[in-house]
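Student: Okay, here's what each chain looks like letter by letter:
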Amino acid sequence: MTDEVILQVRDLKTYFKVDEGIVKAVDGVSFDLHRGETLGIVGESGSGKSVTNLSIINMIPSPPGRIAGGQVLFHGKDLLTMPADEIRKIRGNKISMIFQDPMTSLNPFLRISTQMIETIQLHQGLDKQAAKEKAIEMLRLAGIPAPETRIDQYPHQFSGGMRQRVMIAMGLSCNPEILIADEPTSALDVTIQAQILELMKDLTHRLGTAVIMITHSLGVVAGMCDTICVMYAGRIVERGPTAEIFEDPKHPYTRGLIRSVPRLDQEHTERLYSIPGQPPNVIDLPDCCPFYPRCDKAMDICKKKYPAQAQFENGHSASCWLYAKEATNV
Amino acid sequence: MSETKNLLEVRGLKMHFPIKTGLFAGPKRYIYAVDGVDFEVKKGETVGLVGESGCGKSTTVRAVAQLYKPTAGEVMLNGKDLTKMPADELIKARKNMQMVFQDPYASLNPRMTAGDIIAEPIKIFQKRGLIDMSVEDRNDRVEQLMEKVGLSRFFKNRYPHEFSGGQRQRIGIARALALNPELILCDEPVSALDVSIQSQILNLFKDLQEEFGLTYLFIAHDLSVIKYISNRVAVMYLGLIVEIADSRELYSKPLHPYTQALLSAAPVPDPKVEAQRKRIILTGDVPSPDKQRQGCNFYDRCWKRMDVCKQCKPQLKEASPGHKVACFLYHNPD
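Chains as they are written, first to last, in my numbering: chain P, 10 to 339; chain W, 4 to 337.
Where hints are given, some of them may not hold.
Stated by the list, open to error - Selected chain P positions facing chain W (Cβ under 10 Å, derived; list incomplete): (1) Gly169; (2) Leu197; (3) Asp198; (4) Gln202; (5) Gln204; (6) Thr251; (7) Gly265; (8) Leu273; (9) Asp274; (10) Gln287; (11) Arg303.
Stated by the list, open to error - Cross-link-like lysine-lysine pairs, in silico, BS3-like; alpha carbons within 25 Å at most: (12) W:Lys95 <-> W:Lys8; (13) W:Lys275 <-> P:Lys210; (14) P:Lys210 <-> W:Lys281.
Just so you know, these hints were derived from the structure itself, not from any lab.
Note that CB positions come from ideal geometry on N, CA and C, so glycine has one too.
Full structure from sequences and hints, please.
Tutor: Okay, structure coming up:
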């Protein structure tokens, strides 16, 4: 991880229009990604993790979706206002993505070779033979045994873990600067998950790729990520280095989330902590702290206004009225 | 808890599913989903079943509930064998044994209101004349159950789509409680839920157990969930139990190489712990249970395998009191 910022997300807003009103799936998200950094985005379903990342590469289905505001600066150029043919050169090349379910992201009718060679030929300008060699090399790196024969097989001939390895090989085949991984191991078993995470860590480290890792599992981010963003109801409520987030969580939601996971390495003598209530509906959310109905530290002001971001040491920040004194722009 | 009686005893349970083949396809082949499983559940305890997908956890539980007719073996509930029971007696026995399913979206009928869903088990038994209850009493019972599982009784006339995932799971739990069963079979009841909701439901399970003296057979693939909820834990691999022990014992002193690998692979939500942990990374995938193996089922992926493991199948035997393991590292082949 270096100090060079390669991706800046500034006040990103993505709204979806539905019959009941406007769903503010992402409502003012900002973060920086450094070269070689692994950034984790955690949150519960519906918190806007995936929509954030689809917005980054401008792949929000529109309609009903609409990027309502903000900037996504990749090396200083805004991806959101870029013409379509230019962004196509970046997607899959400089910024690539792997998804949760490898079966639905591979085309079942095409051989692995066809799908991999297509990307490499398009972005790297190699001829077919050279592209195939590159693809085989990537599959070998991703730990697929006998890649020379496996490459001519169809996706259904691979197991779930193997398919995810193919996706990783594909995602990294053009040497991207950023790899966006949307719940890459959620559909996999524990022992396979460990294999895939180890592979991702090893490969991205070797190739110097920055990773945005979306997950709901606190265990996965603890082992993988340098920095963590915690999302709730379309906003980042807390952000900071992994060690600090776990050691000294500032936001009551982060604190509750960490405490409510049963731990493998601890004895449970007492009841598990649980956050009361349900995650909010993000349709027509009023301009208050969306967490206040579930918060054990809620105050009057929480119902009236969304808290400003408070800064702590080491780039740790949280949006909560508890830290109004530390907030810079109240 | 060792003095209490066994509520459920499973002996040599096998569940083989035939693979559909053509008329001239040759000999019939089978999926050996569960291939000889023994365990018992004592009254008032929680036994956790863990394992990866395809290891036979759900099949075991469904065969216990007699949703599948087991290929072989005995399932003794309160000393009576369910597999050999005539249908009319089985229904009475099932009153004592209810299920909670994984997917709170698929396990509730979308055309029934929450109240009807919870009342349905009672209605079924009323129709057969096995329960005598007036309509008012039944309504009271439904309302009482809803409050017990943390749902307002005013939600009685709402349909499942009007509830969130966690609330639906509460409806499923209330339905399972409707007949006052002793044993509840839980098939991954918290896997589909978000972290903050998962802990609410886990606590609900614990509270209900305390209040009604319930016994759980609890499936999950998440090892930390099983650790929190269970008194005893059985680890399954490819249709067999490879290790069964007291929860505390199993997590502090896992014996079977598979259990050790499984525990080391599960992520811990603490970066300090994660940085120091040594992982045992298993190679390969879980093989398909479409053939019976001569040796140990785990042989192909085992990181401590010996020659004997290829020849003979290890039996589940006691390594220390209450701690059984099926591995030749701890006992010699017969």
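Student: Grab the minimum C-beta distance from aspartate 274 of chain P to chain W and call the hint holds if it beats 10 Å, violated otherwise.
Tutor: holds (5 Å)
Student: Against chain W, with CB atoms and a cut of 10 Å, does the hint on leucine 273 of chain P hold up?
Tutor: With a minimum Cβ separation of about 4 Å from chain W (threshold 10 Å), the hint on leucine 273 of chain P holds.
Student: Would the stated hint for glycine 265 of chain P survive a check requiring a Cβ distance to chain W of less than 10 Å?
Tutor: The hint holds - glycine 265 of chain P has a Cβ within 10 Å of chain W, the shortest such distance being about 7 Å.
Student: At a threshold of 10 Å, is the proposed contact between aspartate 198 of chain P and chain W supported by beta-carbon distances?
Tutor: At 4 Å from the nearest chain W Cβ, aspartate 198 of chain P passes the 10 Å test, so the hint holds.
Student: Does the nearest C-beta of chain W fall within a distance shorter than 10 Å of the C-beta of glycine 169 of chain P?
Tutor: holds (8 Å)
Student: Measuring from the C-beta of threonine 251 of chain P to each C-beta in chain W, is the shortest one below 10 Å?
Tutor: Given a least distance of 5 Å, the restraint on threonine 251 of chain P holds.
Student: Against chain W, is leucine 197 of chain P within 10 Å by beta-carbon distance?
Tutor: holds (9 Å)
Student: Would you check the hint for lysine 95 of chain W and lysine 8 of chain W, treating anything up to 25 Å between C-alpha atoms as holding?
Tutor: The given pair, whose Cα atoms are some 21 Å apart, holds under the 25 Å limit.
Student: Classify the hint on arginine 303 of chain P as holds or violated, based on whether any CB of chain W lies nearer than 10 Å to its CB.
Tutor: Holds, because the Cβ-Cβ distance from arginine 303 of chain P to chain W comes to roughly 8 Å (cut-off 10 Å).
Student: Take a quick look at whether lysine 210 of chain P and lysine 281 of chain W sit within 25 Å of each other, Cα to Cα.
Tutor: holds (15 Å)
Student: Given the proposed pairing of lysine 275 of chain W with lysine 210 of chain P, does the C-alpha separation stay at or below 25 Å?
Tutor: holds (17 Å)
Student: Should the interface hint for glutamine 204 of chain P be scored as holding, given a Cβ-Cβ cut-off of 10 Å against chain W?
Tutor: holds (6 Å)
Of the numbered hints given earlier, the model fails none.
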